[in-house]
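Residue strings, one per chain:
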Amino acid sequence: MQTSINEPMEKTGNASQHATLIQPLNGQSLNGVKTHISVRNLNISYGNSQILKNVSIDIPDKKITAIIGPSGCGKTTLLKTFNRLIESSDGIKIEGEVLVDGENIYGKNVEVTNMRKKMGLLSQRPMPLPMSIYDNIAYGMRIHGIRKKSILNERVTYYLKQASLWNEVKDRLHQPATKLSIGQQQRLCLARGLAVEPEIILGDEPTSALDPISSQRIEEKFVELKDQYTIVMVTHILRQARRIADYIVFMYLGEIVEHGPAHELLENPREEMTKEYVKGVIS
Amino acid sequence: MVLPLRILLDKVAGKSVLCLSVLIGSLLFLIVGGLYFKSLPILESHSFWDLISKSIWKPGKEQFGFLPYILSTVYITIISLTIAVPLCILCSVYLSEYASKRVKSFVTSLVDILAGIPSVIFGIWGIIMIVPFISDTLAPAFGQEDTTGYSILAGGLVLAIMVFPIVIHIMLEVLRTVPVELREASLSLGANKWETIKKVVLRKAAPGIIAAIVLGFSRAFGETLAVLMVVGNTALIPHSIFDAGYPLPALIANNYGEMMSIPLYDSALMFASFLLLVVILIFNVAARFFMMRVERRMS
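Same order as they appear, the protein sequences are chains A and B. With the first sequence counted from 1, adding 61 to any position gets you this note's numbering. With the second sequence counted from 1, adding 2 to any position gets you this note's numbering.
No lab work stands behind these hints: they were computed from the structure. Careful: at least some of the hints might be erroneous.
What the hints assert, rightly or not - Heads up, simulated SDA-like pairs for lysine to any residue below, C-alpha to C-alpha not over 25 Å straight-line:
#1 K106/B with S150/A
#2 K200/B with R203/A
#3 K95/A with S117/A
#4 K195/B with E260/A
#5 K195/B with Q289/A
#6 K56/B with T236/B
#7 K240/A with L204/B
#8 K231/A with Y195/A
#9 K210/A with D196/A
Unchecked claim - Residues from chain A that face chain B, not an exhaustive set, calculated with beta carbons under 10 Å:
#10 S150
#11 M176
#12 G181
#13 S184
#14 P191
#15 I204
#16 L263
What you are looking at is a predicted structure, and each value in this text was computed from that prediction instead of being measured. Even glycine gets a Cβ: it sits at the ideal position worked out from N, Cα and C.
Sequences and hints are given; from them, build the entire structure.
Given below as structure tokens:
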């Protein structure tokens, strides 16, 4: 089935129908682990250049999946297809399916804001909204209709604690978020994402702009959170993937070369290309 | 010891660019000082407060009340701001956030061409289109039958149209500096496009948007020709937007060089120029101060 932004798919089908259609990819089953996101025959092109080539992958539920590969291999593009942010680029053509909980998110009847609410996003550089620390966390909740001050207060506190930021900011909740250090800003962005109660956390090299201590705190947070959330992160740091990932997807030039449980892929890569990347011959 | 030529040249170059910069920097003071000096005669025979608060203008009897001119200038500016600011913001939001690349570059180039049109053409266009539209359609609709159409509303409209291109151009630049990732952060929380624009993009761009408005209107404030052609030039305080007015720049342009035999007339016009300049300076400084406060609140 093919689709693009301008020509939404003719037929979407319902969730249960899709759920039965999903089969583990050839020879690379997820060992009985539930799948949360499934990508099927995804092709993305921009003008004449094809950014993703026939990508199919299953992302396991409540695990940390790391997408690794050299710069420009399509990691971030793949990540952005998960919450349809890819659509905001002008002239992008999307073909294929991305199923979240069995439902094709590129389907005709999908309400994009509801779908995005399911996923928190951490970008490379922390992007606090131009408002106070408190309002940053409350922003998503207010958009989704929570107005009551007491509920907002309670949840802002809760999610700031979840992101281990509460003690550092509790006395200055109404100061601009940009006054925080960059590491604190990234934890704020995490708290802000968690506050809309997503199922999935997407990270686009979320530690690349941070100092080692701040990076470590984000990594620790991810490990803590994976019991409740499915985490997908793009990283170019192989050691990071080794430290925290349960599952690894290796991409090269817009294609998935290999994917599998982290230790298997890192210790015994099947493909020559993966071997070279893991050894550091290519990077 | 003889300095090698290239070292000497380096020193000369450094000093001469410094001199030129100082010269350009001091221009403002020279102009303000010159105008003030030339308006001294009228300030000696009339009090400053009388000049700006009285509304009778009879130069032959040495009565110089600038109030009608000042109010006309202020009213025209307010009218054009009221029309132009929302339109400029909405237009630049459309172009930067909604329009496809092709539409954007097409409309942007149209807007830029508009910026290059000489003001006399806007004035003529105002006379043949806006003035009759006001006298035949708009004013009667508001129950004002006896207007010629030459009014402060016409002046404000022409002015608004003249500031569109420059303000839109700067606003587009400002909106482009808002990082894509910031929009994505808001979208990823489930906000829709309009919520993102209203609560995040415009908020982030607020200082720049204010700067764009100030820049546009500093130029518009003193815009003479086009406004003078449609505003009616009557030295009375306008009581409705359909009344004629007489802004300060028009007063200066219409009369300088004429009626110079009347004592103090020359000085009165210099005072008008001085006043205009001071108002624009205050406007600029106030806007800058406001902008700094907004910036501090944001970051």
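The hints, checked one at a time:
Distance hint between K106/B and S150/A is fulfilled; the C-alpha atoms sit about 14 Å from each other, no more than 25 Å. Among the hinted pairs, K200/B with R203/A is consistent with the structure: their alpha-carbon atoms are about 14 Å apart, no more than 25 Å. For the hint linking K95/A to S117/A, the alpha-carbon distance of about 16 Å falls within 25 Å, and the restraint holds. In summary, the hint linking K195/B to E260/A is supported, as the alpha carbons are separated by about 22 Å, within the 25 Å threshold.
A threshold of 25 Å between alpha carbons decides the hint, and for K195/B with Q289/A the separation of about 29 Å lies outside it, so the pair is violated. Distance restraint check for K56/B and T236/B: the Cα-Cα separation of roughly 15 Å lies within the 25 Å cut-off, and the hinted pair is therefore satisfied. The hinted pair formed by K240/A and L204/B meets the criterion: a straight-line CA distance of about 20 Å does not exceed 25 Å. For the hint pairing K231/A with Y195/A, the CA-to-CA distance comes to about 10 Å; that is within 25 Å, so the pair holds.
Straight-line distance between C-alpha atoms of K210/A and D196/A comes to about 12 Å, which keeps the hinted pair within the 25 Å bound. Hint status for S150/A: holds, given a least beta-carbon distance of 9 Å to chain B, under 10 Å. A cut of 10 Å between beta carbons decides the hint on M176/A: the least distance to chain B is about 8 Å, and the hint holds. This hint holds: G181/A has a C-beta 7 Å from the nearest C-beta of chain B, less than the 10 Å allowed.
Taking 10 Å as the C-beta contact cut-off toward chain B, the hint placing S184/A at the interface holds, the least distance being around 5 Å. The closest approach between the C-beta of P191/A and any C-beta of chain B is roughly 4 Å, which is under the 10 Å cut-off, so the hint is satisfied. Because the closest C-beta pair between I204/A and chain B is about 5 Å apart, less than 10 Å, the hint holds. Because the smallest distance between the Cβ of L263/A and any Cβ of chain B comes to about 8 Å, under 10 Å, the interface hint for this residue holds.
The structure fails to meet hint 5 from the earlier list, while all remaining hints are met.
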